[in-house]
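Chains as they are written, first to last, in my numbering: chain A, 98 to 416; chain B, 2 to 309.
There could be a bad hint or two in this list.
Said to hold, decoys possible - Ranges between beta-carbon positions, derived for each pair:
id, chain 1, residue 1, chain 2, residue 2, range
1, B, Val97, A, Leu193, 38 to 44 Å
2, A, Val120, B, Ser234, 23 to 29 Å
3, B, Gly83, A, Tyr157, 33 to 39 Å
4, A, Gly302, B, Ser101, 40 to 46 Å
5, A, Val376, B, Thr200, 40 to 46 Å
Calculated directly from the structure, the hints in this document are not laboratory data. All C-beta atoms in this analysis are idealised placements derived from N, C-alpha and C, irrespective of residue type, glycine included.
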Amino acid sequence: MFKSTANRLEMPGKSKLGFFAKVKKYRTLLCMCLPSTLFFLFFSYLPLPGIWVAFVKYNYQKGIFGSKFVGLQNFEFMMQSGKLWTLTRNTILYNLAFIILGNLFAVFMAILLNEISSKLFKKVSQTMMFLPYFISHVLIGVLVFNFLNYDTGFVNTVLSNLGLERWQPYADPYCWPAILIFIYLWQQSGYNSVVYFAAIMGIDGEIIEASRVDGANAFQKIRYIILPSLRPTIVILLLFALGGIVKGNFGLFYNIVGTNSLLYETTDIIETFVYRASVTDFNFSTASAVGFYQSLIGFVIVMTVNFIVKKIEPDYSLF
Amino acid sequence: MFNKKESIKKPHTIKVKLGVSDIIVRGLGYVITSIYALACIFPFLVILGSSFSSESYLNLHGVQLIPGEFSTEAYHAVIKSGLIWKSYIVTILLTVVGTSIGLSIIAMTGYALQRKDFPFRNVISFYIYFTSLFSAGLAPYYLIMTQFYKLKDSYFAILLPLLMSPWLIILMKNFVKSIPHEITESGKIDGAGDMKIFTALILPMLKPALATIGLFLALGYWNEWYQSSLFLSSRVDVKPLQYMLYETVNKTEALKSTVAGQYVVITDIPSNTVKMATAMLATGPIVLLYPFVQKYFISGITVGAVKG
């Protein structure tokens with residue numbers, strides 16, 4: 098991403114300028130970058146030394162760097178209790194399901210949208226499909242609770258009107274993976290399908306015309322023209338997503354599951370655990386240990402994915 | 002089997018015959034798209050309907066699409082307490098101020114980093130991109146924000162962190178890329194400085210980009226609840242809208258956590274309909290506005306999908 102063409106395009110001789118001469122010459126452009134540079138310094142780089150808190154037994158009075166050094170004890174505790182494994186497993190499995198099912202469903206919806214001939218219908222339905230993307234996670238939490246709760250929930254209202262037994266999802270951890278995946282698909286698919294829809298619109302219309310003349314039917318058109326031409330887009334989006342496989346969707350999980358500890362076994366992801374450890378329990382050392390572990394694994398995964406992609410298909414690499 | 006009417010109407014185009022497979026696929030397209038589109042707005046409609054129900058009816062008969070006993074009592078209660086208007090003002094101020102500052106910074110950075118003759122562009126680009134690859138995590142961030150920057154209980158703790166993201170800067174760079182370098186060159190020849198070139202020549206051409214990125218920023222501020230939940234304690238009376246909603250809904254956290262049937266009696270718990278009315282009022286402006294701005298989000302997704 099950063100191996101740009103800058104050096105080639107520079108005028109000969111310019112590159113011979115010394116560092117300070119360059120700074121002076123490009124001071125206006127540097128100043129234009131200054132606010133954002135400071136922003137990332139303050140909010141992304143300066144917190145980095147704070148990772149040290151993962152290696153100490155944090156004491157509020159003594160501060161991060163005055164607290165007692167305990168080495169890897171915080172990590173060991175998390176590993177021995179098995180908690181770290183549960184969190185990692187949950188985070189990765191949910192993300193895998195989100196990535197795979199999310200992209201499949203988005204491709205599916207994009208292909209169907211493309212078959213619709215009425216412009217008005219397409220426009221209205223796309224607008225409706227966009228609604229879940231615009232609302233806050235807090236509202237999604239409200240909607241889910243009012244659909245699923247035992248006493249007044251919409252689902253239970255319908256069930257009891259039909260004379261069926263009421264459903265009690267907030268006490269049953271094992272139904273939540275399906276529920277959360279369903280909600281994720283509901284929220285994201287309208288938005289995700291846009292990229293694929295744009296890619297389909299980019300296909301040369303003449304190819305499709307030609308296939309019709311040759312007698313291809315609609316299924317063959319999808320199988321042999323549309324799907325192959327979506328392949329690069331699918332690969333790129335999957336790679337982007339794979340890089341973030343250990344980053345959980347905190348807003349979604351926290352607003353839906355909240356602090357219902359009955360459901361933690363199947364719904365607790367790294368982000369929700371770290372949030373509770375910091376904000377509710379003030380256990381910053383454990384929180385930071387888990388957060389550092391997550392950042393490190395995430396970094397290694399992005400680098401590995403990028404390395405492999407670069408070997409196979411350099412055009413698809415992230416940087 | 003073949004749609005003869007259509008083939009008669011348009012004799013000149015090749016694409017005339019609708020085979021069985023076309024009809025099946027098209028039919029599926031209409032049916033499934035309709036179902037999914039309705040499913041997207043259905044939960045919203047149900048809560049809207051129930052928010053107009055009377056509390057006693059709702060508790061007896063449950064959440065329903067069409068309220069059994071129509072009542073606007075919940076909305077009266079929310080509006081009368083007045084808190085929601087204060088939250089509106091705080092949220093609107095944060096959104097307007099944050100979006101304008103963030104947008105100017107992102108635009109300047111995006112332009113400078115796309116200037117082919119700027120020798121520091123790769124270093125700064127990497128410096129920004131790296132933050133999305135590796136971060137300190139929540140706990141160090143929380144500690145530095147509260148202990149070193151002293152931003153606990155300050156609205157700046159919400160305003161500042163949402164100003165920009167690496168992704169939005171990359172998105173801006175992608176937009177700037179489509180402006181020919183010759184424009185900058187021509188400005189230089191006319192003797193304009195870099196800032197002048199940016200404001201007079203580049204910015205007017207970036208209008209679609211500014212609209213798109215501005216809307217992403219504005220949506221971020223409007224839907225913000227996370228930074229508030231981290232940094233605004235009960236000492237701050239007026240919370241941003243979504244976090245106010247969060248607090249209203251979660252006042253009965255005990256009820257949500259316990260197994261059904263076990264009520265916890267707290268007197269100032271907002272009723273179910275009040276929660277729903279608050280949810281509808283906090284979301285209202287978004288629902289009314291988004292159909293008009295969604296095309297900018299679509300351009301954001303399609304431009305942003307290309308790597309920087």
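Here is what the structure says about each hint:
1. B:Val97 x A:Leu193: 38 to 44 Å: holds, 40 Å
2. A:Val120 x B:Ser234: 23 to 29 Å: Given about 44 Å between the Cβ atoms, the range is violated.
3. B:Gly83 x A:Tyr157: 33 to 39 Å: Holds, since Gly83 of chain B and Tyr157 of chain A (Cβ atoms, about 37 Å apart) stay within the stated range.
4. A:Gly302 x B:Ser101: 40 to 46 Å: 42 Å Cβ-Cβ, so the 40 to 46 Å window holds.
5. A:Val376 x B:Thr200: 40 to 46 Å: This hint holds: roughly 42 Å between Cβ atoms.
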